[in-house]
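Q: Just so you know, the sequences run in chain order A and B.
Note that the numbering used here has the first sequence beginning at 1, numbered continuously upward.
Note that the numbering used here has the second sequence beginning at 283, numbered continuously upward.
Keep in mind that the hints were calculated from the coordinates and are not lab data.
Please note that the accuracy of each hint is not assured.
[To be verified] Straight-line alpha carbon distances no greater than 25 Å define the calculated DMTMM-like cross-link-like pairs of lysine to aspartate or glutamate that follow:
1. K392/B x D421/B
2. K476/B x D403/B
3. K392/B x E167/A
4. K420/B x E404/B
5. K429/B x E404/B
6. K429/B x E167/A
7. K449/B x D364/B
8. K477/B x E288/B
9. K449/B x E167/A
10. K449/B x E288/B
11. K420/B x E470/B
12. K392/B x E91/A
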Amino acid sequence: MRIPPRAVHVGMLGILWSVTLAAIGTLIWIIGWVLWHGLPSATPHFLTSMPQDSGAEGGILSVIAGTLFIILGAVALATPLGVGTAIYLVEYTRENWVTRVIRYGADCLAGIPSIIFGLFGYVFFVITLGLRWSILSGSLTLALMSLPTIIRTAEVALRSVPQGYREVSYALGATRWQMVLRVVLPGALPGIVTGIVLALGRCMSETAAVIFTAGTVLPDRIPTSPGDSVRTLAVHFYLLATEGTSESQPKAFATAAILVLAILVINVSAYTLMHRFLARYR
Amino acid sequence: MIPIVEATGFGVSLAGSSVLRGVHLQVHRGEILSIIGPAGSGKTTFLRCINRLSDLVPGTQVSGTLAVEGRDVFSPGTDVVDLRRRAGMVFAVPNPLPRSIYENIAFGPKLTGIRSRDRLDEIVERTLRASVLWEEVKDRLHTSGTKLSGGQQQRLCLSRTLALDPKVLLLDEPCSGLDPISTAKIEEALQDLKKTLTVVLVTNNVKQAARASDRTAFFLMGEMVEVGETGELFTHPRDKRTNDYISGRFG
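Using the sequences plus the hints, can you model the full thing?
A: Laid out in structure tokens, this is it:
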């Protein structure tokens, strides 16, 4: 028996709708659940005061500051390296064995479990270079971890800039660098920013690599130097949830809620800023 | 007087296979020379060698010589950036950059370091007038160039190239995607531009060559079959293949 096309259409539409709904529903469920449990304890006082009694009392101000320093440091280190590599791959060289090695290396780097990065960071940055458990060690390790994401997203973004724009730039007397700077990079910016935001999010939610390199010590003041040891939001949540007492559970959920909200805020503000920039540029 | 573009036994091969052979052609100052011929005849390849955009195609090899204003285009010492300003190009597909009309035109001058608002304003107005576009866009210079119609975009591209102050204008089938009215406007602009510069017009449209150019060269399968005064070539072609092409027997 033949199924009428109309029925196939309605059936498929139904299936696709429910699949989409399931995906979005799961996301909303998780975020909602975290916020539901966390927000009641995430008071302004919680955000603006220092932790006490291993986090069971007080707030997370020093943890928020430490997290910001580490992830901004990581992205500040990884962005020029990653975008530079992508520009080299796309604009300055033809496909050959060198580009294949770079790309394969980046893919391998992306596949390494984060705890291995943590171990490497511990052995190399913390011990060998003597940077101790610090913001710097953490940022360097997270920068290595973010590199593949930034390289590959920037590469895709650069390649998606129409070839015609490059031809036009050359025909109008641009040097290669002028072409890259004035035509290709602005065109690729949305994709590059997406990669950076993705990397920020990953750095922010990373625990294993950070425990080994930035430490777990809970500071009672805002860090003032890259050499200070810090505890990030994700690590703080992990430690409170696994090692804390039942009294510290509300603080753990509040930390998780702030972590989730912070990632949302970073995403939204990055895209807003970018669109404002592009609107002025166009 | 030295011809503004001069090809002497010029040939091009791409990855070993020859696409252009033994071209002898001179373009004189102040003329419009059109190059006609069927697809694959090498006319666009020839045009893109004049401003070295051929560099973008890996595996391109040239033989013979090609000179612009008496200077060899392919000699190692050539300043390619300067060459591309002297020999400005307009492409077959209108391709404004994703920025305002004003910024599209200011792009080239800004690369050379012109920053003065007054100078740029002057260049924008002069080149838009030259391409018969000023009246249509003067009130919206800061809106996106990609929002214009196809014909307007192509005239914007012409303005943008003129802003480089080129000596020779290379047009690669500039009207291939345009309606008759836009085409007429571009041809009108060319007649005016001829007073100050030289135009090489590659076209698939035999009628356009007959209408708009002083001399015409006919390319076929990588060779230049003949070149002559446009009126002469269209009424008394010396070669039978030229006659067959212009009378529409193939192509």
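Q: List, from low to high, the hint numbers that the structure doesn't satisfy.
A: Hint check: nothing fails, all pass.
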